[in-house]
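**Q** Here is how the chains run, residue by residue.
2 protein chains.
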Amino acid sequence: MARSASANARKNKNSGSAASTSVSDSSAARDLEPLFAPQSIAVVGASRRGGTAGSEILRNLIQGSYAGVIYPVNPKTKSIMGIRCVPSISAIDDHVDLAVLIIPAPAVEKVVQEAADKGTKHFVVISAGFKEIGGDGVERENRLKAIARERGLSILGPNCLGLINTAPDVLMNAAFGGRMPVAGCMGLISQSGALAAALLDYANGRGIGFSRFVSFGNKADINEVDLLRSLAADPATKVILMYVEDLSSGQTFVETAHAITHGRNPKPILAIKTGRTQEGAAAAASHTGSLAGSDEVYDAIFSQAGVIRVESVEELFDYAEVFAEPTLPAGRRTAIVTNAGGPGIMATDACIRYGLKLARFHDYTIKSLKFQMPPTGSLKNPVDVIGDARHDRYRSALDAVSSDEDVDQILVLVTPQAMTNSKEIGEVVSESQHYCDKPIVACMMGESDVQPGVVVLKANGVPTYQFPENAMRSLAAKARFAEWIRSPIAEYRRFEMDRETVDRLFDEELAAGRSQLVEVRALNVLQACGFPIVPYKLAQSADEAAAAAAQMGYPVVLKIAGPKILHKTDVGGVKLNLRDEGAVREAFDTMVASVREKLGADIEIWGVLVQKMLQPGKEIILGMTRDARFGPLLMFGLGGIYTEALRDVSFRLAPIRENVAGEMIRSIRSHRLLEGVRGEPPSDQPAIGECLMRLSQLVTDHPRIKELDINPLIVYPQGSGAMVADARIILSEG
Amino acid sequence: MARSASANARKNKNSGSAASTSVSDSSAARDLEPLFAPQSIAVVGASRRGGTAGSEILRNLIQGSYAGVIYPVNPKTKSIMGIRCVPSISAIDDHVDLAVLIIPAPAVEKVVQEAADKGTKHFVVISAGFKEIGGDGVERENRLKAIARERGLSILGPNCLGLINTAPDVLMNAAFGGRMPVAGCMGLISQSGALAAALLDYANGRGIGFSRFVSFGNKADINEVDLLRSLAADPATKVILMYVEDLSSGQTFVETAHAITHGRNPKPILAIKTGRTQEGAAAAASHTGSLAGSDEVYDAIFSQAGVIRVESVEELFDYAEVFAEPTLPAGRRTAIVTNAGGPGIMATDACIRYGLKLARFHDYTIKSLKFQMPPTGSLKNPVDVIGDARHDRYRSALDAVSSDEDVDQILVLVTPQAMTNSKEIGEVVSESQHYCDKPIVACMMGESDVQPGVVVLKANGVPTYQFPENAMRSLAAKARFAEWIRSPIAEYRRFEMDRETVDRLFDEELAAGRSQLVEVRALNVLQACGFPIVPYKLAQSADEAAAAAAQMGYPVVLKIAGPKILHKTDVGGVKLNLRDEGAVREAFDTMVASVREKLGADIEIWGVLVQKMLQPGKEIILGMTRDARFGPLLMFGLGGIYTEALRDVSFRLAPIRENVAGEMIRSIRSHRLLEGVRGEPPSDQPAIGECLMRLSQLVTDHPRIKELDINPLIVYPQGSGAMVADARIILSEG
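Going down the list, the sequences are from chains Z and G.
Using this note's numbering, you'd call the opening residue of the first sequence number 1 and step up by one each time.
Using this note's numbering, you'd call the opening residue of the second sequence number 1 and step up by one each time.
Bear in mind the hints are in silico, worked out from the structure with no lab data behind them.
Among these hints, one or two may not hold up.
It does not matter which identical chain is used: a pair holds within one copy or between any two.
Claimed, not checked - DSS-like, lysine-lysine: derived pairs with alpha carbons at most 30 Å apart:
id, residue 1, residue 2
1, Lys-618, Lys-423
2, Lys-423, Lys-238
3, Lys-575, Lys-618
4, Lys-357, Lys-267
Starting from the given sequences, assemble the full structure and let the hints guide the process.
**A** Following this line, the structure appears as structure tokens:
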């Protein structure tokens, strides 16, 4: 099964070599099928004592009608729940596909070794007492990890609730704390066990069914990427739900999830990621580093992966309902059919708020509605079938709007009024959904009065909501997903870059003990990588400076350059707008004198950087900071106050595909300043995009770069390019 | 009852004369008590035919155990539901306090007259067929309005569902379509009938009870302000819920709602206002006019009135639950007690997202928790009592954190786990709430597994939620409301202004047929109103210009001034940064020549405006546009791209209190640019505030001003004031 996921990835012709070479993917696809569909299970630590995990898991396996053989392992009792016990796993006279361990943490290691000796490859370690308790537990978990690696085992947990597979030929409930869910198309993986139990209970209340359910706890071995691959390959799973508190990797997750959400057989992934509050990166040396909070990293990862991040459990299940029904909309044009004006307005507001469009009906639709609706009804969108509407009027309205070619999806609103028979209306909506190739969702407003209709709709698989806002938000999520899977997969562009020169420059700087590169060195690096750089020359004398200026043309800028001179302005080391030879010569001499006076006569000076004075343009900042876990994180923003005071920046993990560069540029709040306002021409966004892709390649190819700021990149009107004016690079030491 | 609401308003010492004089309050407080608690009701149009409104309302009155006398009026039948009918309202041999009309629209007028002749003062017109159908219906409604005004009647509706009063000595359900709600502390008024019915059904499902319920339909006579006053005076109503599609007035609503939410006996008002989508004000002549969409007006109104605007029905009831429990928090510091880590993190995220703070416990709290919690529990906030917690451990944790003086409110989270007995935990939380003087809310995660706990909590009036996000958002709303009612009511400051001069200037301009004032006239007006104006003089000759410049000091700016010259720059009519007399003289002559060349030799020129060149500062835009319904709407924003491209502006209705000016300034997204970034000093916000208040007084005193832009107002560092650099004023014609 994991095989077909990787096949998917291979078929994806655009996931080119740039990505593969840059991704250090240690977790190759693995076969977890025996974990999900074992022929035999040993329940080590099965217990007669009710209320314990060891008793519950055994009972759940039995009551869930597990299709294989169960071997309770307990040396202290002869049988549990009527099943003969064995004293130890080695005493089982059969191959054991899966061992579930519910025993004290210190005993886990030995039992795993014993089972592995017997040939068992798959384990679920329910036991707590590992990493989560700190101290001893951490070492215990590390040993378990090592065993898994050395012996090629797959271990789920420790500190988890277990797993469930509702496939009719498996029917395995090897979990405790949660009820056996009804079978359905949702695959759920959760890092929190307690939350997982609550999720099963919620889902049950909403009539949502599951294919597979996995609580993966401390993920000592099997992590969310392994489980995503496995759910992607499971034909019963149509929608993947995940709750995570952290991700084990960045780029591997992005590549895996991207292949799942945008492959040949795309499945939506809905994720709750908690811990949104900012974690301090305040000590970072670059702008980029200080702006990249942990949550921005996760937003970037989910966005690149096509994963739909939700904010709450309610949103998770709202979306789950709409995605469980497989019809995808062709666009954002939404029709509303309602039996009351007020809720129709609420739905319209929500339609706009969540980025959908109110459909404009064709004349033939209006004509058809006019023929069928009462004279006081509204024939425009939202269609008001009026408070006394019965199911027949809803049917006519649905027939009319669903045949309109400018309608992509439909929300049916029902309020309980005197003549309303919600059950009959529910039947009509269910029929319409059956025949219609556009998504239809229902909003039954109220509680008990509309209950008969809700029951019918749920039974027929029509996504059904209590409130118009939730219904519309869910439709909007589906419309965005439909756009995502239809969007072409862009390339990872590969640029000619002089890697050797860059490496040599880094070697030299590090050898000289300088991890922070001064401007001229940073420009050397960027030039070697083909960035558009303002013409510059390092001059050793006033003569050289004047010659350089004459060659590049006036006006020019002079900046002091020396290995220790980081704050040039403070020491009189910058002179702008020099318009002739005399000015250049004078500036050179004054500058060198001023720097020596301020920093000491023996300060090392490499020379004076002569740069062509740039035409004014819009100031942009591009940057990169290397996240300890996720690798290089790219940043884009407008310069100056937009970045520093307003924090209006966007992030993505490198490497980025070409479309992602455009997304980064478009997703800042102030983006319209680049589109041209107040009569200005639009800025050259493709030029910025190319710099972002070059930056992506540079930092991916050179892991020694720890942080990098290009600040400012001056961008000119469309077609006139962009120019790097200043940059800084910080290398990892050692 | 309306008496005590107005008494409230009178007691409010700060609602000073400026406000009262400026508010044209035609709807004086009126006594609606006989409408809500009539001794006798005539049901005109009572019907034997089931399923009709005329049958339902009668049945609801009877089944609701109405405490007064019911007179069904129907000429065609002798009795309905066992009650003797009368053929007409005049045939009733008793005083009729309230007449409920469920008859065809054309018959309403006559019956109202007939009842009024008999002495009936209060009416509920259920009948549809008025304004909402257009044409005839509009005239019919206007006649009904006129009758109400002439004869001093109070009419609810038409086109409404009716009203309900659950007071035990009234028990009146004079509504159709909705069930009789359980008695409780919510007062609900709704412009949409169908939504109201759905709301009653939702509330019933959540166990929320009502004091009064009113569907007010077309509000021909009684509007939302009348009903708010009446609910404010009703002792049984503790929380007011309202659904509106529009408001009948602006300033009257603000004053009334402000007195209710911030008076001596404050009651929260929770409002759903639909129709958020932008209505076109695109044709407006000023910046302010073109930026003020209808929804911004409503946001401004609700904000000034202390009304809590909610986005959805779900949010409405979430908040209703938390406000039904009267304890107000002292601050934003929130403690979380949970039996699972993941949901604890979700609650923490929501705490931060909704603007609350995670409480930091005192040492004594940590000690107390340490003594009582298991070793693996978390003693910091969120307190993790661990998955196997029973009610006793929840009690210990609640005792500890509720005694911590740095905790203002508590969220108790329960996930269903093996050892969880939600009923017992529900009892413990209910007890804690009983003894504790801090708000406590519960989140029971899941559906059926936690149901026993939910039942106990609801029965004890503990606000209870399914999801941590909803619980936290509701706590945050209550904390904000607590801050609102504790905030001092600021004054309406009154400035010395030369009203006569302003009126004379307007008279002259209008007499000359100029509704759009050119810069020099606008500056004349603002100067008469005490705004800080850059020194200026209108010069008729190069000599006068040179003399003026010498007097005010160089550098100066010259701008052409003439009654028809609106776009000065386009015709060479602006010269900046003139540094000596020669430059001024030359500029004067060139300018006049250029203008005459471009606009014709006979173009009227008043002269040339000589202005002192302003020191650079931050550019601000202040403005006003007069909303057809709500009156003068003030705008504040940063100048240039912030206003034009980023639409980062704030609005409030004039007149504004002093604190509101500060709020306007603080509520733009880019506010921190005024706080001083990148080493700049903070800007003089009090100076901007004073200009806003002067603007408020100017536009309130002079209703002839239709639109006004001060653009830019240059603001200097704290203590250095602000200066009006340019302005335009547009007057109403005729």
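**Q** State for each hint whether it applies.
**A** Going through the hints against the structure:
Taking the closest pair of Cα atoms, Lys-618 and Lys-423 never come within 30 Å of each other, the shortest separation being 61 Å inside a single copy and 63 Å across copies. Only within a single protomer do Lys-423 and Lys-238 lie at most 30 Å apart by alpha-carbon distance; the minimum there is 28 Å, versus 37 Å between protomers. Taking the shortest alpha-carbon separations for Lys-575 and Lys-618, both the intra-copy value of 21 Å and the inter-copy value of 27 Å come in at or below 30 Å. For the identical chains of this complex, Lys-357 and Lys-267 are intra-copy neighbours only, at 25 Å inside a copy versus 38 Å across copies, given an alpha-carbon limit of 30 Å.
Checked against the numbered hints given earlier, this structure breaks only hint 1.
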